[in-house]
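*Asks:* Each chain is listed here by its residues.
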Amino acid sequence: MTEQSEEFWRWREYRHTDPDKDWHDAKIVTAGVDIGSVGSKAVVTLDGELYAYSVMRTGGVSEETAIEAMNRALEGTGLKTDNVHYVVGTGYGRVNVPFAKRTITEIACHARGAHYIYGPTVRTVLDIGGQDCKAIRCDEKGKVMSFLMNDKCAAGTGRGLEVFADLIRVPIEKLGKTSLNVEEEPPPVSNTCVIFAKAESVALLRQGWLKEKVAAAYHLAMVNRIVDLLTRVGIEKDFVVTGGVAKNTGIIFRLEKSLGIRPLEPKLDPILAGAIGAALFAKALYEKQIGLR
Amino acid sequence: MITAGVDVGAKYAKIVLLENGKTVMTRVNSTVGFDLLKSANTVFKKALTKANLERDQITQVVATGMGRKTIHKKPPINTQEIIPEVIADAKGAYHLIPTVKTVIDVGAEEGRGVKVAEDGKVRDFVINERCAAGAGTFIETMARALEVGVKDMGPLALKSTNAIPMNAQCCVFAESEVVGLIHSKVSKQDIAKAIHDAMAGRIASMVLRVGVEKDVALIGGVARNPGFLPPLRKELNTEILVPEYPEYVGALGAALLAFEMEGKK
Numbered sequence: 001m002t003e004q005s006e007e008f009w010r011w012r013e014y015r016h017t018d019p020d021k022d023w024h025d026a027k028i029v030t031a032g033v034d035i036g037s038v039g040s041k042a043v044v045t046l047d048g049e050l051y052a053y054s055v056m057r058t059g060g061v062s063e064e065t066a067i068e069a070m071n072r073a074l075e076g077t078g079l080k081t082d083n084v085h086y087v088v089g090t091g092y093g094r095v096n097v098p099f100a101k102r103t104i105t106e107i108a109c110h111a112r113g114a115h116y117i118y119g120p121t122v123r124t125v126l127d128i129g130g131q132d133c134k135a136i137r138c139d140e141k142g143k144v145m146s147f148l149m150n151d152k153c154a155a156g157t158g159r160g161l162e163v164f165a166d167l168i169r170v171p172i173e174k175l176g177k178t179s180l181n182v183e184e185e186p187p188p189v190s191n192t193c194v195i196f197a198k199a200e201s202v203a204l205l206r207q208g209w210l211k212e213k214v215a216a217a218y219h220l221a222m223v224n225r226i227v228d229l230l231t232r233v234g235i236e237k238d239f240v241v242t243g244g245v246a247k248n249t250g251i252i253f254r255l256e257k258s259l260g261i262r263p264l265e266p267k268l269d270p271i272l273a274g275a276i277g278a279a280l281f282a283k284a285l286y287e288k289q290i291g292l293r
Numbered sequence: 001m002i003t004a005g006v007d008v009g010a011k012y013a014k015i016v017l018l019e020n021g022k023t024v025m026t027r028v029n030s031t032v033g034f035d036l037l038k039s040a041n042t043v044f045k046k047a048l049t050k051a052n053l054e055r056d057q058i059t060q061v062v063a064t065g066m067g068r069k070t071i072h073k074k075p076p077i078n079t080q081e082i083i084p085e086v087i088a089d090a091k092g093a094y095h096l097i098p099t100v101k102t103v104i105d106v107g108a109e110e111g112r113g114v115k116v117a118e119d120g121k122v123r124d125f126v127i128n129e130r131c132a133a134g135a136g137t138f139i140e141t142m143a144r145a146l147e148v149g150v151k152d153m154g155p156l157a158l159k160s161t162n163a164i165p166m167n168a169q170c171c172v173f174a175e176s177e178v179v180g181l182i183h184s185k186v187s188k189q190d191i192a193k194a195i196h197d198a199m200a201g202r203i204a205s206m207v208l209r210v211g212v213e214k215d216v217a218l219i220g221g222v223a224r225n226p227g228f229l230p231p232l233r234k235e236l237n238t239e240i241l242v243p244e245y246p247e248y249v250g251a252l253g254a255a256l257l258a259f260e261m262e263g264k265k
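Residue numbers (the working numbering), protein chains in the order written: chain D, 1 to 293; chain W, 1 to 265.
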């Protein structure tokens, strides 16, 4: 592979099983499958506790991605999809999870998942995904009170970062850190359109700006846009960030600086929030089905 | 008396040299690099050479366009005045089409709708300068995804009679959608038409915010694209006039204003 054809937006896929848990001991095994526009996540919970998960890129056919994500999550556990009592599908491609008994919107799932990951003090969830960005207000039970989202425009989403990673030829996983490697924050590029922000970045690079500095200007623009969305929904503590972009330290650092509120540290991979929420809803639905609730 | 209008746009710098506020002597354009001043100077020099003139033979220079502030009052052009694009658009279009009431200007990175009063002044206007999906850049980006030359996009779209809806309203998302359409074996001409239809829809809804009144003129670089006019006509349900040199209308307006300013002295 020549250097030219490297794909800097391509992130690592992974899976994990909790070695301290055994599904044979569990009364209720449920799963949540979150088919996002860019990443797909499958989570298996045992009696409402996280057991195994997988994260992979969404392929061209959502059904195949759903099956593959589930297989990867179950890999090595001895569990089969058929052994799972109840599966809930969520995300952009939620209707394409063939083995799901129900679908629930990603808004509800992200709030519920954030409640699990960060605890009952969470009141504002910012989910920055591949192709959209949502600001969600929730109560102490993880129930959605209100939300705002941008799913029309790539500015302020993971897609915007992918475009930029390819432009400055830095792997997407290192992009945030790269953007923090500046002594002083430069003025931001356009925050209304990825195409314009990219064109401005090209001009800055040509003027001799280091890629770190351009990355800082780009991240700052993105954060300004996200802060607008958060301000409109109204931000209340505790504040957390979920979705793939939650892993970008350049975004998190600037969000904190701009809002004056430090997002809670995730105890689990924040990309899983939607799928965890779906798995927990699946548990509740299963309990209802068998008459436990 | 000779006056000049310089329109420093996002993609091209345009210049018009005008004699006695009536006759266009020269029209020249040149692409804009990231150094706006240098680009403007280049196009100005080109115009002088073409018209066989010296700078001091030009009485008054007025600039417009997004780069107008960068070049203002700087030698060798030494613009005496700068004016917003919408004023230049209205002035230039009114000169060419005295019955014009609505001017639609679609450039590389901006789209504008201008309502023109009886005397050629601006009555109302609307601008999109925030989203590439409502400007020429949209078609350019989609051309890249389709692997078709920008200039071939319009003629290609005209070959299609199918109406395929495009859902994405963002350049970046539309790019993925176009790739998806290619994969599902939709013909390039149908995709090209869908692209023009989508953009016409966005421009129309912007212009409708100020209202559309006849006569309607389409100017700016995108007016050169034959594939854009039919869907825009359909969306606005009206005849649309395109002047002969649509991309120079703003520069012409600036040159006309330069002439008027001189007359008032």
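Any given hint could be a false lead.
In the DMTMM-like style, the derived pairs of lysine to aspartate or glutamate whose C-alpha atoms are separated by at most 20 Å in a straight line are [to be verified]:
1. W:Lys159 x W:Asp56
2. W:Lys22 x W:Asp35
3. W:Lys38 x D:Glu200
4. D:Lys27 x D:Glu200
5. W:Lys69 x W:Glu81
6. D:Lys177 x D:Glu140
7. W:Lys265 x W:Asp56
8. W:Lys11 x D:Glu200
9. W:Lys45 x W:Asp35
10. W:Lys214 x W:Asp190
11. D:Lys152 x W:Asp152
12. D:Lys247 x D:Asp166
13. W:Lys22 x W:Glu244
14. D:Lys152 x W:Glu81
15. W:Lys69 x D:Glu200
Don't read these hints as lab results, they were simulated from the structure.
Being a predicted model, the structure only gives us computed values, none of them experimental.
*Asks:* May I ask which of the numbered hints given earlier this structure violates, with the numbers listed in increasing order?
*Replies:* Hints 1, 2, 4, 6, 10, 11, 14 are the ones this structure does not satisfy, whereas the remaining hints hold.
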